[in-house]
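*Asks:* Spelled out, the chains give:
2 protein chains.
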Amino acid sequence: MKLDYPDIEQIALDQELSISCKDYSLLTDLYQLTMAACYVGEGLEQRQASFELFVRHLPEGFGYLIAMGLEQALDYLEKLRFSPSQISALQATGIFADAPAEFWSLLTEFRFTGDVWAVPEGTAVFANEPILRVEAPLWQAQLVETYLLNTINYQTLIATRAARIRDVAGVQAQLLEFGTRRAFSPQASLWAARAAIAAGFDATSNVLAALKLGCQPSGTMAHSLVMALTATSGSEDDAFMTFHEYFPDSALLIDTYDAIAAAERLAKLVKAGEIQLTGVRLDSGDLVKLSQQVRSLLPDVTIFASGDLDEWKIAELKEKGACIDGYGLGTKLVTGAPANGVYKLVEIDGIPTMKQSLNKVTYPGRKQIFRKFEAGIIQGDRVGLITDSPQAEQPLLQIVFKQGERVQQPEHLNEIRQRTMTAVASLPTETRRLNHPQSPSIEISASLRKLTEKTQRVKTVS
Amino acid sequence: MKLDYPDIEQIALDQELSISCKDYSLLTDLYQLTMAACYVGEGLEQRQASFELFVRHLPEGFGYLIAMGLEQALDYLEKLRFSPSQISALQATGIFADAPAEFWSLLTEFRFTGDVWAVPEGTAVFANEPILRVEAPLWQAQLVETYLLNTINYQTLIATRAARIRDVAGVQAQLLEFGTRRAFSPQASLWAARAAIAAGFDATSNVLAALKLGCQPSGTMAHSLVMALTATSGSEDDAFMTFHEYFPDSALLIDTYDAIAAAERLAKLVKAGEIQLTGVRLDSGDLVKLSQQVRSLLPDVTIFASGDLDEWKIAELKEKGACIDGYGLGTKLVTGAPANGVYKLVEIDGIPTMKQSLNKVTYPGRKQIFRKFEAGIIQGDRVGLITDSPQAEQPLLQIVFKQGERVQQPEHLNEIRQRTMTAVASLPTETRRLNHPQSPSIEISASLRKLTEKTQRVKTVS
Chain A
4 MKLDYPDIEQ IALDQELSIS CKDYSLLTDL YQLTMAACYV GEGLEQRQAS FELFVRHLPE
64 GFGYLIAMGL EQALDYLEKL RFSPSQISAL QATGIFADAP AEFWSLLTEF RFTGDVWAVP
124 EGTAVFANEP ILRVEAPLWQ AQLVETYLLN TINYQTLIAT RAARIRDVAG VQAQLLEFGT
184 RRAFSPQASL WAARAAIAAG FDATSNVLAA LKLGCQPSGT MAHSLVMALT ATSGSEDDAF
244 MTFHEYFPDS ALLIDTYDAI AAAERLAKLV KAGEIQLTGV RLDSGDLVKL SQQVRSLLPD
304 VTIFASGDLD EWKIAELKEK GACIDGYGLG TKLVTGAPAN GVYKLVEIDG IPTMKQSLNK
364 VTYPGRKQIF RKFEAGIIQG DRVGLITDSP QAEQPLLQIV FKQGERVQQP EHLNEIRQRT
424 MTAVASLPTE TRRLNHPQSP SIEISASLRK LTEKTQRVKT VS
Chain B
4 MKLDYPDIEQ IALDQELSIS CKDYSLLTDL YQLTMAACYV GEGLEQRQAS FELFVRHLPE
64 GFGYLIAMGL EQALDYLEKL RFSPSQISAL QATGIFADAP AEFWSLLTEF RFTGDVWAVP
124 EGTAVFANEP ILRVEAPLWQ AQLVETYLLN TINYQTLIAT RAARIRDVAG VQAQLLEFGT
184 RRAFSPQASL WAARAAIAAG FDATSNVLAA LKLGCQPSGT MAHSLVMALT ATSGSEDDAF
244 MTFHEYFPDS ALLIDTYDAI AAAERLAKLV KAGEIQLTGV RLDSGDLVKL SQQVRSLLPD
304 VTIFASGDLD EWKIAELKEK GACIDGYGLG TKLVTGAPAN GVYKLVEIDG IPTMKQSLNK
364 VTYPGRKQIF RKFEAGIIQG DRVGLITDSP QAEQPLLQIV FKQGERVQQP EHLNEIRQRT
424 MTAVASLPTE TRRLNHPQSP SIEISASLRK LTEKTQRVKT VS
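Respectively, the protein sequence lines represent chains A and B. Position 23, counted from 1, in the first sequence is what the numbering used here calls 26; the numbers after and before it change by one each time, with no gaps. Position 131, counted from 1, in the second sequence is what the numbering used here calls 134; the numbers after and before it change by one each time, with no gaps.
In isolation and in its complexed conformation, chain A is listed as follows (with noise of 0.2 Å):
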């Protein structure tokens, strides 16, 4: 009654775990492999397939999704190759043994070749929204989803949460993230840093994350260094004056033991000129009142708060009157629970088609978000279909990849940035507010329904 277990008497071959993108085409699912050798067999492989990612509802307290990872899921469907190597590793696992011969030189010759629609980077989006749509031959288009769900679910939700952060920080405040300690692996670091950036925030304390993004790493010191330098040379003061020496655009971490009594004493340096200190950090404690003693101790100091913070405790910490100008986010920012996006099959050589289990309905054919503005706010979103005319509304969706070959050239991450702002500013209130947000509404329009009753019909009656 059972099925085989698999074999784990073998030592790890690859004990580093680390990962290039020439893995990447046996980062997949087993099934998709399965199921593709199976449409090969049938002579299905090549029939037009269409998939389209969405998530069925937003994350818990989310009023919007902000889009991204779509950088990484089009240099992953350029590069996707089938290596020798790659492919007698498959055949090597024995699972294939009744799968077709013509399975093998399908994937030996393999490349994308299909088409993908996509909102762009940084652009909002809401729940049974396509963010990206891919036309490909059918066994291609089934292959890359588990990727295509991998970047976009994690980058979207890193972007969403630094978005949020940074509308409820303010444009002024200076937004640092610190999460890859805490991050859920290293790529995840530098894609966490990579979508935190193009949401909003300025900087990374990552040092690989920035110089692959072109930036500067930012950061400030640890406990550490004051708990060593006290212990083996003096004085608190001595740390930061040592420190202060080799990095003087540093900003200093005062909470080691006392923040208030090592603020009192980095005020009379400031007033004596012995230190031309720029910025300081708290990392405990009561940060409100702390941030208020520092400000009136050291009042053209720019204050750094770190700890555990959210969207939800910077929205507090502002209300209460901290003198806070920026914040440091690690691990609220880089991990909890995903955006749950789903990738499913929408049409097949021109028929539309729809998953019906129970709760789980997904809506049939090729779509188009059609949004409607009124001085620049968000009126409503309209889901169609691909063949619906605007009606004065404006359509998210763009070829990105035609035929196999990018359309446009990778963007820079501040034109993203740009998009985020803009499309954030563009939310109501009451989709933008941390408190029970709303989504704007979203009509389905009337092609949409009558083909997904048609499509449900047609089902019902086979």
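Just so you know, not all the hints are guaranteed correct.
The list makes no distinction among identical chains, and a pair is therefore deemed to hold if it is satisfied within one copy or across any two copies.
[Claimed, not checked] Okay, derived cross-link-like pairs now, DSS-like style, lysine-lysine, Cα gap no bigger than 27 Å in a straight line:
| # | residue 1 | residue 2 |
| --- | --- | --- |
| 1 | Lys292 | Lys321 |
| 2 | Lys292 | Lys271 |
| 3 | Lys25 | Lys274 |
| 4 | Lys335 | Lys292 |
| 5 | Lys25 | Lys316 |
| 6 | Lys335 | Lys316 |
| 7 | Lys25 | Lys82 |
| 8 | Lys321 | Lys335 |
| 9 | Lys316 | Lys292 |
Bear in mind the hints are in silico, worked out from the structure with no lab data behind them. Since the structure is predicted, the reported quantities are computational estimates derived from the model, not experimental observations.
Could you slot chain B onto chain A? The hints should help.
*Replies:* Structure of chain B alone, referenced to chain A:
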């Protein structure tokens, strides 16, 4: 009053944001490098420092943690180097303009030369117990903080969840890791698969992860295959028979339209000898009722369930009498709130240190965990100094890296899996339960208590 903003006008240098172990030296927070430069300037870089990695509190609702990720940590320490191009990139930032020249030669010649003590992967640990200690020249021990926390925080979280799920599901259940599409980056999906299998799962659907780990990948089929084959070639049964022809050992997904109708038709096919069905999967609906009905229709077939499952839902399904033999776990396994490990300086040049910020006190000195068992069950732990002697207790931290060299070969995943099972079996009932679990009592040894008081006093009078 503001610090300079970083320049994000430039385009991303590396759009794919993949990661190689050669990148890992820069996968660190900027302050690790600026502090290192400061230590070099002060001639303190070779001072012998000890840092310990631990969690202050267990994640909400957890009674224990299963330590995991050490293998990747050791692999990192072994391979860590700075290449000339990495050093140039750091210099080009301008951040280190006032850093001493010796800093650059230190990076050039760097290899990790310290000792590491750690609990073996698969060990159960509790709050305030060191999972790992690095004893190394100050700057080296500091530099590696970010990566060590990254690997151990994430894999420990996944391993703990996987162990809890195995504990609830029982030894007979098949547990499959399906989380790649929701994992926080491709590399996160690899690390999640490793940690899940090492802590008791049977397999992963992630082909790359399985191959890297030396396991067989596992999976069933997707709704899209049923939809595609139904749309192009006829009935749902045709879809089943077709897939079964190529993958006779694979379970069939039966809930695309109506799970019970599908099971009834499959039962007829089984009876007529037209299909040698091994398994079916349910991904939606009332899993208790559906699985019971499917069991009565297909008594000899393995029933898999999936769809946003976690240990709580599995416990509920079992309590309500669901007939489920295997579970596919994704989102709830691989995402969520992290294990908030921290890495704190506990000694420098033989001088014990502790952070004394409000509510964030740490224990000073190099420590050992002494665990007391009775009839194989943990009676309690005593956290003491390394100079304390065990009192009919088992010391948990072992030396794993000595003067920059691994003390032992990497472990087989199966060894770690076995250790995890033994560890969970050794936990008291109140620690294993899902509802308000309680950790065993953790005692602070007399010598550690004394040292803590002494270190606090020193600081207060200084």
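*Asks:* For every hint, state whether the structure bears it out.
*Replies:* Here is how each hint holds up against the structure:
Proximity of Lys292 and Lys321 under a CA criterion of 27 Å is satisfied intra-copy only: 12 Å inside one chain copy versus 51 Å between copies. Taking the shortest Cα distances, Lys292 and Lys271 sit within 27 Å of each other inside one copy (20 Å), while across copies they are farther apart (73 Å). Neither within a single protomer nor between protomers do Lys25 and Lys274 lie at most 27 Å apart by alpha-carbon distance, with minima of 58 Å and 46 Å respectively. In this assembly of identical chains, the alpha carbons of Lys335 and Lys292 lie at most 27 Å apart only when taken from the same copy (23 Å versus 38 Å across copies).
In the homo-oligomer, the alpha carbons of Lys25 and Lys316 never lie at most 27 Å apart, since the shortest distance is 41 Å inside one protomer and 37 Å across protomers. For the identical chains of this complex, Lys335 and Lys316 are neighbours both inside a copy (11 Å) and across copies (25 Å), given an alpha-carbon limit of 27 Å. In this assembly of identical chains, Lys25 and Lys82 lie within 27 Å of each other by CA distance both inside one copy and across copies; the values are 8 Å within and 21 Å between. Taking the shortest Cα distances, Lys321 and Lys335 sit within 27 Å of each other inside one copy (18 Å), while across copies they are farther apart (33 Å).
Taking the shortest Cα distances, Lys316 and Lys292 sit within 27 Å of each other inside one copy (14 Å), while across copies they are farther apart (43 Å).
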